[in-house]
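Participant: Chains as they are written, first to last, in UniProt numbering: chain R, 1 to 370; chain V, 1 to 370; chain A, 1 to 370; chain F, 1 to 370.
Since the hints were made in silico from the structure, they are not lab data. Honestly, I wouldn't trust all of these hints.
If chains are identical, the list can't say which one is meant, so a pair holds when it fits in one copy or spans any two.
Unchecked claim - Computed cross-link-like contacts, PhoX-like style, restricted to lysine-lysine with a CA-CA straight-line distance of at most 25 angstroms:
id, residue 1, residue 2
1, K235, K280
2, K145, K83
3, K73, K60
4, K134, K33
5, K32, K70
6, K253, K355
Here is what each chain is made of, one letter per residue.
There are 4 protein chains.
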Amino acid sequence: MWQLLSRLVNNKLLLTQLGKQCKRGLSSSTEKKLNVAVIGGGRIGQVHMETLSFHTPLAKPVMIVDFIEKVAKSTAEKFGVAKYSTDFKDVLKDPNIEAVWICSPSSQHSEQIKALAAAGKHIFCEKPLAITLKEAEEVIAAVEKAKVKMMLAFQRRFDPNFARAKQCVQSGAVGDVYAVHLISRDPAPPPIEYIQSSGGIHNDMAIHDFDIARFMTGSECEEIIAYGACRVDPKIASEGKDIDTAITLLKFKNGAFCTIDNCRQSPSGYDQRVEVFGSKGLVRFGNNFPNNVFIEDGQSIRRSDLPFNFFMDRYTDAYRNETKEFVKCILENKEPPTSGRDGTAAMAMAIAAKKSLLEKRPVKLSEITA
Amino acid sequence: MWQLLSRLVNNKLLLTQLGKQCKRGLSSSTEKKLNVAVIGGGRIGQVHMETLSFHTPLAKPVMIVDFIEKVAKSTAEKFGVAKYSTDFKDVLKDPNIEAVWICSPSSQHSEQIKALAAAGKHIFCEKPLAITLKEAEEVIAAVEKAKVKMMLAFQRRFDPNFARAKQCVQSGAVGDVYAVHLISRDPAPPPIEYIQSSGGIHNDMAIHDFDIARFMTGSECEEIIAYGACRVDPKIASEGKDIDTAITLLKFKNGAFCTIDNCRQSPSGYDQRVEVFGSKGLVRFGNNFPNNVFIEDGQSIRRSDLPFNFFMDRYTDAYRNETKEFVKCILENKEPPTSGRDGTAAMAMAIAAKKSLLEKRPVKLSEITA
Amino acid sequence: MWQLLSRLVNNKLLLTQLGKQCKRGLSSSTEKKLNVAVIGGGRIGQVHMETLSFHTPLAKPVMIVDFIEKVAKSTAEKFGVAKYSTDFKDVLKDPNIEAVWICSPSSQHSEQIKALAAAGKHIFCEKPLAITLKEAEEVIAAVEKAKVKMMLAFQRRFDPNFARAKQCVQSGAVGDVYAVHLISRDPAPPPIEYIQSSGGIHNDMAIHDFDIARFMTGSECEEIIAYGACRVDPKIASEGKDIDTAITLLKFKNGAFCTIDNCRQSPSGYDQRVEVFGSKGLVRFGNNFPNNVFIEDGQSIRRSDLPFNFFMDRYTDAYRNETKEFVKCILENKEPPTSGRDGTAAMAMAIAAKKSLLEKRPVKLSEITA
Amino acid sequence: MWQLLSRLVNNKLLLTQLGKQCKRGLSSSTEKKLNVAVIGGGRIGQVHMETLSFHTPLAKPVMIVDFIEKVAKSTAEKFGVAKYSTDFKDVLKDPNIEAVWICSPSSQHSEQIKALAAAGKHIFCEKPLAITLKEAEEVIAAVEKAKVKMMLAFQRRFDPNFARAKQCVQSGAVGDVYAVHLISRDPAPPPIEYIQSSGGIHNDMAIHDFDIARFMTGSECEEIIAYGACRVDPKIASEGKDIDTAITLLKFKNGAFCTIDNCRQSPSGYDQRVEVFGSKGLVRFGNNFPNNVFIEDGQSIRRSDLPFNFFMDRYTDAYRNETKEFVKCILENKEPPTSGRDGTAAMAMAIAAKKSLLEKRPVKLSEITA
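I would like the entire structure built from these sequences, with the hints used as guidance.
Facilitator: Spelled out as structure tokens, the structure:
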């Protein structure tokens, strides 16, 4: 392969390439790095920690917090982080820390954001901002007052498929958006205990699609009608007090309509598909697969494997991209691409959808207040 | 998303998952790690260094060697490696180093392998083993005598597409292999200087396909007939003394035939496709793309983007997988999946192909001797 | 090609094959044929005439009726039909005619069906049965009283894609149907004059999808909510008093939901796609294309052509299959697969959808009466 | 559907459309029609008879010949043809017959062509022209001397996929052709008796691909090397004296290479695929399927059905198009798109391939003489 040897013939090119490949240290060691902390050493905390450690040359994790000491300590060791703690307040006290990734349980988000903002830290926060819309508004106000940057983790926007589709819409290739169709189904339902504390399918699953509907239409939602039923497992209704199959129809201020199909169970695996249709064309994408091998065995012509079955596998790049993007926004003093307002908009849509389902009528977003 | 919160309801699951996700340190710090060195800080050296540092919990890079001191030093800093050197002999002297990744220029491979084997180091070596078949045989003998493990880097075998296709063949879904068809084209030709020192298209490009033909058929090549021409750029013939378009037909001992289409230029980008056809079925795969978005704009229905254009992007997973695999082989004392013999087999095929092209006749592999 | 010569070696096989291929006369000339008439020599009348003449060995067209004498006469000549007329009553008077294909303007359907039924003729009728639901009920009653067979031309059910998808649903591969998603868009809007007399988009376009929703779910519609807007051309609203973009959400008695996306304009051409999702799997299909050639030209990877742009091209097989099927039903004395009840069910859905759009609320089908 | 009613609002358009749809009689009955005969009432004869009868308004079959009287008679009845005969010489005697479709056994072609040409009839001939190259040359000479038109039935050229791919090549989208790859496999081997009289796989199967290679490259073949083996059924070698798996590599005068993969057995069904690769891009197509339904059943994502399994189903349009084309060429006095020379070129390639296989060396086309 000629590229392997290109070093010998084209040293200059090599150095440029090396520069691009370098994830971390070839940036001169005297270059300013952003000192960051991560709160929460759970699954998603590990993901952000890895990105910050290995794939973000200009970031340097300096503290990891987890309420289980063993997790905090082992994570610190794993990523070579100097400090760990079981109390997020240690982050507040450390003047060295410039930005914080909040990966703690949802119920702690609003308190942590307010405290971190007051301490002048930039904040990357996993969804949701807060449990109630009112709290979320308070959080946004606190952040605005503190003049720190905050980015809310709607990771799908940073996935190569979603981002490329959005780019097509923005380029004008689709024209005026007439309709958006979203399929978003989980492989299998979670435990009933989880459903009981999830806030319902609109709050827990559809909220990602509500955000993507806003992202793709480039508009605000005006009205929602939600249908749904318990089809997958009767316990989801009887014990979980929830539906498991939700069809939601949205009308946006720019005239676009959107349908969303959510289901807690999908035999084909984690099913994530998008279509945006408009006056000039359409853009669409299907699922991602672990490989693109097809088998023809005399009986059928089929893909060798089902799509990635787990959101962590499906959205690996998206999680990485969003963290890198926020680091860039801080260092280049740019507005983060997703804001607290994106969070409250999606929350309000989830509330409207639930209300529509219960009251069996179209609900206007103007009816929803904090 | 329920999985984010699953920690609260299912702590045991979480820990299992964490275990899987962990790339490095959550393995107890007292666990034995394999101490490794990397020779060569060029592009591919950086790739292996990243895998060994961040994605292989049980490996620990302890030295990096590059003949340019600046490169050696900055790479050591980047990956937090304790030692760096400009002389590979420092690796020999360090009793702490158990395994070495050779990413140096091809001309140095045979000398380095022999010295490392003699020093009792396990060896992962980028292609080729040596410049001549004779030298390669000596290298293999030296390694066998020293009883160290050696793995030759045919990375494509570790790519998810190639590996899955092979698995289908092995599963019996394809039956007896009748024909293999390989397309393997580069986006654009390298500089003439590179071609002049490349050993020709069979040695430089087709050698990967020769290996894959052996891999997919599970057999040894018996006879080759090579056709080719200079179609892309007349300088490749006049100054490079090479062809740029090669069609090669191979016959294997188990009766399988194979066609290979190599070209130094592909308007569609880096084009890597495989079909294996047999008595019971076929398995095939096409290219990998940066996303799976399709645009319909009233004029056409098309993919939003061409395939990955660069082998480093196309084979990212493959490079990572091969290095992880060798670490595993050493630690579990297993035979490496690719050996020096795989290297000499592919070299002999390249020699036979060149001979066929020059002599305009089918050449038997039995005619090729070290 | 061995099959061409197979006659020589396998004469018996040939005769069997010939028998299958034969569309008409190899059936012994003494075999009973069904004498049929076609009313209406417009586009769809021509299609049915061709099928009846050339592709239905056991049918024999004996009269063609069109109110334009020139059309009636030339059609009779074209297909070698003995009689033509400008008055459908001539069909009633001819005791030789056993079955009639009604392809006249919609406003004449109910009168013609009633008269034909009273005269003891079997009836194949293009949509709709009648202009109002009340009239349609009368028509059905008349047909039932006369004990003749009637089939309503929902041709999509006989298209290879729709029919195969239905078969998958019926086979149990999909399990319980949770959701059906239908895309059904026309390439470009019709003239305003047409829209003015069309009865609106639900009656004119969506009615096919309402039928397919019933077909795919295997259930009756319980409730509809219709959204829509005039997005394509303001004249469709101002002069046509209609919408051009309609998103409709349906709930079926078996719990299935259905979304329908209709638009009078589709830059990608005639866009007809279906997905049926259920407890065990899903079945889906996209558009039909004039060929399956892909071009990669260095800029893009694209289909060589857009889908069939015209319903007559897209549904060629469907039109042929439905007519053959009705001939078979008569000759074998079987129940036709689509009935007058299918027609009134779809009409009621269109009325409910229009009502929902006007009253901006979900409408139950139980609210719709003849 | 607005188009159905368009007659009411747009009568002029309707008449134009009708004109297009009309296959036969709406052409004024005084218009000159081409009187044709068909020799051979086997499978392919039936196909051409149907096209000539029902889909070619300006042709009129006036005689059908088959050596089995029952077949001749029933075919005449089926298509309403005035005369039938068991002796092709009756065609010669009938001054009314202007053109003849030869669908008789291959061994009779040369004699019939020469007689028909001498009688001044235009000739459409199924492959091959003759059994030997020498005879074929004589046939061509006879046709040229008689100044009648002759078209040889290479139907694939008239298939929508092949024709569209060729058009892409001709449009310049592919640039200079570097390589053509053809896959052409039969579902299952024919009876041994058939193979014994087939002239071998190159003459019987590959000959279509040899023609397509010339068609796609737009050049003449210079050299061939043929490999092959008996892999599918040992009787094909022992009793049939043939191979069943053939890989052939061709070099064309314009520098293009071509690989052809033929096999008598394909578990995926009738497998017909093409790729043309060049300096500016590539064009490719895969198989045709009876529908485009995909099923996802929790275990796999697959097409609902295998490709069309039989050449008569796969090439339905092609057979129809070629016959229409020849009628047009006669009536408009144009050169037929495929000539006797196309036939002899493909025959010579088959002879060269067989010679290469036997002599185990590349064979130049210049070695092959009549």
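Participant: What are the numbers of the hints that this structure violates, sorted from low to high?
Facilitator: 2, 4
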